[in-house]
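Build the complex: two chains, separate frames, hints provided.
Each chain, written out:
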Amino acid sequence: MSQNAEKVIDHFELFRGPEYTEMFANKKCMFEDPAPAEELERVKEWTKSWEYREKNFARGSLTINPAKACQPLGAVFAALGFEATLPFVHGSQGCTAYYRSHFSRHFKEPTAAVSSSMSEDAAVLGGQNNLIDGLANSFALYKPKMIAVSTTCMAEVIGDDLNAFIKNAKEKGVIPAELDVPFAHTPAFVGSHVTGYDNALKGIIDHFWNGKAGTTPKLERKPNGKLNFIGGFDGYTVGNMREIKRLFELMGVEYTFIGDNSDVWDTPSDGEFRMYDGGTTLEDAANAIHAMRPSRCRSFARRRRWI
Amino acid sequence: MSGNAIEEIKERNNKLISEVLEAYPEKSAKKRAKHLGSYEAEKGECGVKSNIKTIPGVMTIRGCAYAGSKGVVWGPIKDMVHISHGPVGCGQYSWASRRNYFVGTTGVDAFGTLQFTSDFQENDIVFGGDKKLSKLIDELEVLFPLSRGISIQSECPIGLIGDDIEAVSRKKSKEIGKTIVPVRCEGFRGISQSLGHHIANDAVRDWVLDKQTGKPARFESTPYDVAIIGDYNIGGDAWSSRLLLEEIGLRIIAQWPGDGTLAEMESTPHAKLNLIHCYRSMNYISRHMEEKYGIPWIEYNFFGPTKIVESLRNIASNFDDKIKEGAERVIAKYQIMSDAVIAKYRPRLEGKKVMLFVGGLRPRHVIGAYEDLGMDVVGTGYEFGHNDDYQRTTHYVKDGTLIYDDINSFEFEKFVERVKPDLVGSGIKEKYIFQKMGVPFRQMHSWDYSGPYHGYDGFAVFARDMDMAINAPVWKLTKAPY
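Protein sequence lines correspond, in order, to chains A and B.
The first sequence begins at 1 in our numbering and counts up one residue at a time.
The second sequence begins at 1001 in our numbering and counts up one residue at a time.
Calculated directly from the structure, the hints in this document are not laboratory data.
Beta carbons: idealized from backbone N, C-alpha and C, even for Gly.
Any given hint could turn out to be false.
[As the list claims (entries may be wrong)] Taking lysine to aspartate or glutamate and the EDC-like style, the derived pairs with C-alpha atoms no more than 16 Å apart in a straight line are:
1. K1436/B to E272/A
2. K1476/B to E109/A
3. K1436/B to E19/A
4. K143/A to E1022/B
5. K1479/B to E19/A
6. K55/A to E1139/B
7. K1436/B to E109/A
8. K1333/B to E19/A
9. K1352/B to D1467/B
[Stated by the list, open to error] Covered stretches of chain A, as calculated for chain B (at least 3 residues, CB under 8 Å):
10. 26-40
11. 77-84
12. 175-187
13. 215-226
14. 263-272
The shape of chain B in the complex, shown without the other chains (with noise of 0.2 Å):
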């Protein structure tokens, strides 16, 4: 695009932001200011505040601590018991709202799409939870003997009330025998659900890694073993990102959350490499593995074949040339594949823009994708990205893309009314609202029931997707007739 059309842009964003702003009470003004901006290319930088309080009232769509811990990070992992202790809400709408996928027998040896919760009354506010846990975590026990661990995921009232679940994890998992972990994420603790993906991960480094220090692995080493952090396993992401890591050669000893065992995060100390794919969401672990067991880390990225090809050659040059022959192979193997679905989708697709707000990883990560479609991201932002996520937006987003952090309903309606995209991707909140505008939506948490959208065989479904809700006809439909 010429200088001049990417000044015009920014002027646009720039006006666009003032109108949004004068809604505001001055207070609120002054804070969103910092928030809202253009990427400017020649500064390398989103200009954006990011990871700060959110404003009350505005109808922000970021969630909670307990959201962070219990619906990302622990809930995943199929064979431990999650409880949501503290009333019985909170259990209730992340129950089975998220699609981690996973195989296992439920209620067997898998516990994802149950809900168990201590659900507090009164009494266990005025007396305390403690005494409950403690009976609670012999009820399971007797009914799901196949558990190979329990994780206590703590709500707002726990923290306030003085609880004391460490004293009742470490007393009950002597007796029990199985891994017990409490985990310190009331909804209240930080801003957002990003402080709740850091005491989790906190909790795997002192409840589960710690206790295996010393521990021989499972299994023999072998000089091609990595772990993929930080793949929920939405719609099978990880299943198809997996295929390819082992096509390539490398053998895949732990892969969590999505599908995740409390074995494999166990083994993951074991391992050469760890590929994390949501480094909001997970380099925290992923630091203190290197700290502590030297193993190296390194970001990859999934979306679309561009990236793909460019992360599994990144990932191949750690290992040796059979790896390194590997992935030119799985690269040759997939290139007709994604070739086909490229020739297929982008004359449809060619042009289009999209405006994107998610959650930490996937406002830059998916952008890729997109341009694989000949698609441009006009607007992106995170729910609760931190300064480091924008930093790394800089390498995806083009000069003049207008970014918004943390942005709320009112703003975000007002930025889609006058930047007219042709598709917005964010989540359920946002959905219905654009679609009644007649915009084409795509839910960009769940993929909209639909994925995988990772690795090759994810694109192919990206792809027909975008095409799916951009093109249908039903959008001609939706301006009135009179």
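Chain A extracted, bound-state conformation (with noise of 0.2 Å):
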């Protein structure tokens, strides 16, 4: 046995001893109806070949190992730039679970998103008292100042109307009517992760700028020469907007970035979890309106600019 108490192996030496390599061979042999080896090997050597290669580069409808993500993951990403802003998805909540546990993964640091929950009751009948529910429940438990909304597929193929949902939700008096909550429609057939966030940062933006849906007159803009920087989906964003600001002040630059997640993938561990931390503040979120034209922002990172 190679197991013992004094050193102990796990399965990065375990499963190389002969008890278990001997196991592999009979498992496979007598069960797995395994490809002979020598069509293992032809197999093999041929994925190395050129006619593989021309072959792999044909392939029109099969994706594999795509370096891409769906909108939504993007619209978390942007929404937790923003100071006490809370994520929320709304649709299946899978989805949400996917991006909490793919960011968590990246970071090392916890992600803080909710989903509304649709199920199959509300494929059929459309998800505005998921919306509803989600908000007044996520409001009183996460006590956030914003709650920035996006959407999954389902929610997008049935067709839910953000806007009125949101405007129903306020009307009901389920959250507070002054609560900022913009949304962004972020269907996953579209695009990919950055067109996610540039669509959940333009809502927040023309949330802010331009007159909160319609229920409060739209910003004027008086230039201040200040700059508005974007970072973009970043997976480094913690290190490079930290630098970015170093250099903005070495330089004596005015500035306001727009949608600053560095602290909150960053929070100390010092006995106090934090669920929010840092973040573009609300208000200058609205005064990025009198900012230099066009913004600078990373451009690999965004796919248009609209600001």
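So, in structure tokens, the structure goes:
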């Protein structure tokens, strides 16, 4: 037996021991109906050939190991760049679980986001009740300053109208009328995660600059010479944002970061869990309208120039 | 523990639950109240409702049916290609994120760590994706000739736009002469991963097992043929389990899903006994095989020596003296090592309190392993367990254990703050929250990149890891010095 209490070995070494390697060989030949060894070898060599390469590139319908994700992931990323903002993904709850896991695995930090947990009945009847209940519950439990709503495939395919639902939620009084609830439609079958980032950020900016979905007057721009900076969907946002701030300070630039998630994904391990930390203040998000045009952004992480 | 102390704990639990419920809007508070409670030994029940629709906006830990089907049941089948059929996201976030280990040559005869998707675009939503699926299958055949079959894991849009993946499967299966399994595991179905398991099991029944009816086995049967069902081989769990069962004299003719193959799935109806570890995800197919083929099934537990011994004897009791003696021999053989593990780690872990929240089996199944190390599980709950899981839990938990069904981030944080366990065992979405609170944490889905934890070999790893987590000096540094 390879295992022993004095020097515990785990999967890294344990399964290289003779008792296991023999077991694997036996399982394979007796029960797995494996391809004959020569056939395996032949195909393996063939996968390294030019012919394989050509066939691989000729794929038109099959996608393998793509280097992209879907829109709502980008929307969550953008939403977390604002102070005390809770990303709210309207649709199936699996999506939200996946975004949170995906980001937590990357940053090794907690990632807050909630779902309206739509299921089969909502697919038939629409998700308004889910959205209204979801806003009520998430506001009560997590006390955000802003809730940024996006959508999953399901909500998009059935055509839920976020604008209407959010207005109805406020009319019902489940959330305060003044609570900032920007939204963006983020169908996963259009573009990629960077498209979702763009849509979400546009939704948030639109909300603050253009009258909060028709509930307040639009802001009037009075240029103040400041610079707006948008970091885009950047996996190194924590370090990069801080470095760029440092450079701006050195140069004496007056700036606003629109969507600064460098703190929320780097909270201290000091005995206190902070669900929210840092982020562009809602006031700054609104005042960003007065900055120089166009804004500066990291071109490869954003797709469109619209501000 | 004295009766008084238990009553105090139940009081504390009730108070804690009331406080937590106060934060909710009334409608939701009423609902959540039914999912939180303490185990009452006298009543013999956990007293919580389960397997109910998730309340919107609470930050549930639950996932969806696609995860239960592609991620859990079908994904680990190594020699089939599993297509995430729909937009790119679902396949992406579940790409090689589960540690279901396998032996094979990736891209040649094993495909688990590749992401195959039909990458649905707006066109596909509008005009349907059946044509694309058909072409996609042809492209798979060109590049992966040694795959034994294909499964089509449906994402949300498939069920909403009315695609006919069953027709495509039948047609293409005839064309390419391989098994093609359409699985209707769209994420909006059901209320958690659980219905995904059920749908996946039904697909195994309808598109794999039924097609084998009447066909002979690939091998000569023996009276000792068994199947291991519902072990996902996380970090090699199924391997350290298989070893023991082979050592007692049984022949494992099929093991799935972990390190599983289509051939093994097909062979399973030739087993004399089905051994199921994860009851929640695989009870459906086990019941079917009992009904249709007359194969009995039993649940077993390979977490920690106490449960291993009990399970080995229970399994052996279904066979002749050769196996029964084999069980005793194996138990004696490993006794020395497991005693040494306990002698080494128990003194460092005695009396430590644990709060768990895992999926559908482990919230009860691992309790024995913790108790073998002298640890106390003071709170547990399931993401997607059903009534029968909570029933089974009554045989594991102590009087007064805090029980929480479908706990959310808010509740979990409050409970841990007040109960102050020495260790929390849950998933990646919870890990960093509690570590920042200064509470040691071990992931109990992925074994925190460790494992195996099943069997005797696994118990040593489990003990080492719990000790490493709880007794790491770093925890003295997390409280701010000011």
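We went through each hint and held it up to the structure:
In summary, the hint linking K1436/B to E272/A is supported, as the alpha carbons are separated by about 6 Å, within the 16 Å threshold. Taking the CA atoms of K1476/B and E109/A, the gap is about 20 Å. The hint is violated against a cut of 16 Å. Using a Cα cut-off of 16 Å, the hinted pair K1436/B and E19/A is violated, with the two alpha carbons roughly 41 Å apart. Our distance criterion of 16 Å between C-alpha atoms is met by K143/A and E1022/B, whose separation comes to about 14 Å.
Restraint check: the Cα-Cα separation between K1479/B and E19/A comes to about 46 Å, which exceeds 16 Å; the hinted pair is violated. Taken as a hint, the K55/A and E1139/B pair is honoured in the structure, with Cα atoms around 8 Å apart against an allowance of 16 Å. A hinted pair counts as satisfied when its Cα atoms are at most 16 Å apart, and K1436/B with E109/A qualifies at roughly 9 Å. Distance hint between K1333/B and E19/A is fulfilled; the C-alpha atoms sit about 14 Å from each other, no more than 16 Å.
A distance of roughly 10 Å separates the Cα atoms of K1352/B and D1467/B; the hinted pair therefore holds under the 16 Å criterion. Residues of the region 26-40 of chain A lying with their CB closer than 8 Å to a CB of chain B number 10, which satisfies the three-residue condition for coverage. For the region 77-84 of chain A, the proposed coverage by chain B is not satisfied: 0 residues have a C-beta within less than 8 Å of a C-beta in that chain, short of the threshold of three. Requiring three or more residues with a Cβ within less than 8 Å of a Cβ of chain B, the coverage given for the region 175-187 of chain A is violated, as only 1 such residues are present.
With a cut-off of 8 Å between beta carbons, the region 215-226 of chain A has 0 residues touching chain B; three or more are needed, and the interface restraint is violated. Only when three residues or more bring their CB closer than 8 Å to a CB of chain B does the claim for the region 263-272 of chain A stand; here the count is 6, and the claim holds.
Hints 2, 3, 5, 11, 12 and 13 from the list above are not met by this structure, while the remaining hints are.
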